[in-house]
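Required output: the full structure, derived from the provided sequences and hints.
As numbered in my numbering, residues 3 to 102 make up the sequence shown, in order.
Among the hints, a few may not be true.
16 Å max Cα-Cα, derived EDC-like pairs, lysine to aspartate or glutamate [as the list claims (entries may be wrong)]:
#1 K39 x E53
#2 K87 x D56
#3 K51 x E33
#4 K74 x E33
#5 K60 x D80
#6 K39 x D56
#7 K87 x D62
#8 K35 x D6
#9 K35 x E53
Using C-beta positions, here's what the derived DEER-type ranges look like [what the hints assert, rightly or not]:
#10 V91 x V17: 16 to 26 Å
#11 A24 x L79: 30 to 40 Å
#12 A82 x E44: 32 to 42 Å
#13 T4 x K74: 27 to 37 Å
#14 S89 x P49: 16 to 26 Å
#15 K87 x M3: 11 to 21 Å
#16 A24 x R102: 27 to 37 Å
#17 A46 x I71: 13 to 23 Å
#18 P18 x R83: 29 to 39 Å
It is worth saying that the hints were derived from the structure and are not from the lab.
Virtual Cβ for every residue (Gly too), placed ideally from N, Cα, C.
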Amino acid sequence: MTPDQIVSEMTRRYVPGKVPRALTYYLSIGEHKYTMKLSASECAITPGKVENADCVIKSDPAVFARLVIERKAPGALDIARGRFKTSDVSLLALLQDCFR
3 MTPDQIVSEM TRRYVPGKVP RALTYYLSIG EHKYTMKLSA SECAITPGKV ENADCVIKSD
63 PAVFARLVIE RKAPGALDIA RGRFKTSDVS LLALLQDCFR
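Spelled out as structure tokens, the structure:
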């Protein structure tokens, strides 16, 4: 899947009511940059970077697709080889629960 296909799928699969408060994620998926805002009722993703994100995720597209589409956490090799990085592990875990 391309990064644009992944984020399109994410908005379609969002499960309302999973986040305890409004959250902003900065997603760097391959060469693509997105700002994702989650609220109790919606998931809004726009192209571009946000400066004050609650969580920053930098990922290879295939690793990110497994995370949000298949709900499989990045493996130790993905992290060791730099294919996945995050600024907040707890918000990463919450992100997995937000998409069916």
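Does the structure keep K51 and E33 at a Cα separation of 16 Å or less? Since the Cα atoms of K51 and E33 sit roughly 12 Å apart, the hinted pair holds (cutoff 16 Å).
Beta-carbon spacing of S89 to P49 - inside the hinted bounds 16 to 26 Å or not: holds, 20 Å
Determine whether the Cβ-Cβ distance between P18 and R83 falls within the hinted range of 29 to 39 Å. The hinted range 29 to 39 Å holds for P18 and R83, with Cβ atoms some 35 Å apart.
Between K60 and D80, is the straight-line Cα distance small enough, at 16 Å or below? holds, 11 Å
Holds or violated: are the alpha carbons of K87 and D62 at most 16 Å from each other? holds, 9 Å
Supplied distance hint 27 to 37 Å, evaluated on CB atoms of A24 and R102: About 20 Å separates the Cβ atoms of A24 and R102, which means 27 to 37 Å is violated.
Given the hint of 32 to 42 Å, is the C-beta distance from A82 to E44 inside that range or not? Taking Cβ atoms as reference, A82 and E44 lie about 35 Å apart, which means the hint holds.
Against the range 13 to 23 Å, how does the distance between the Cβ atoms of A46 and I71 compare: consistent or not? Given a distance of about 19 Å, which is inside 13 to 23 Å, the answer is holds.
Are the Cα positions of K39 and D56 separated by 16 Å at most? The given pair, whose Cα atoms are some 10 Å apart, holds under the 16 Å limit.
For the pair supplied as a hint, K35 and E53, is the alpha-carbon distance within the 16 Å limit? Between K35 and E53 the Cα gap is close to 12 Å, so the pair holds against 16 Å.
16 Å Cα cutoff - pair K39, E53: holds, 13 Å
Sort out whether E33 lies within 16 Å of K74, counting only the CA atoms. Cα-Cα ~22 Å, so violated.
The structure shown violates the earlier hints numbered 4, 13 and 16.
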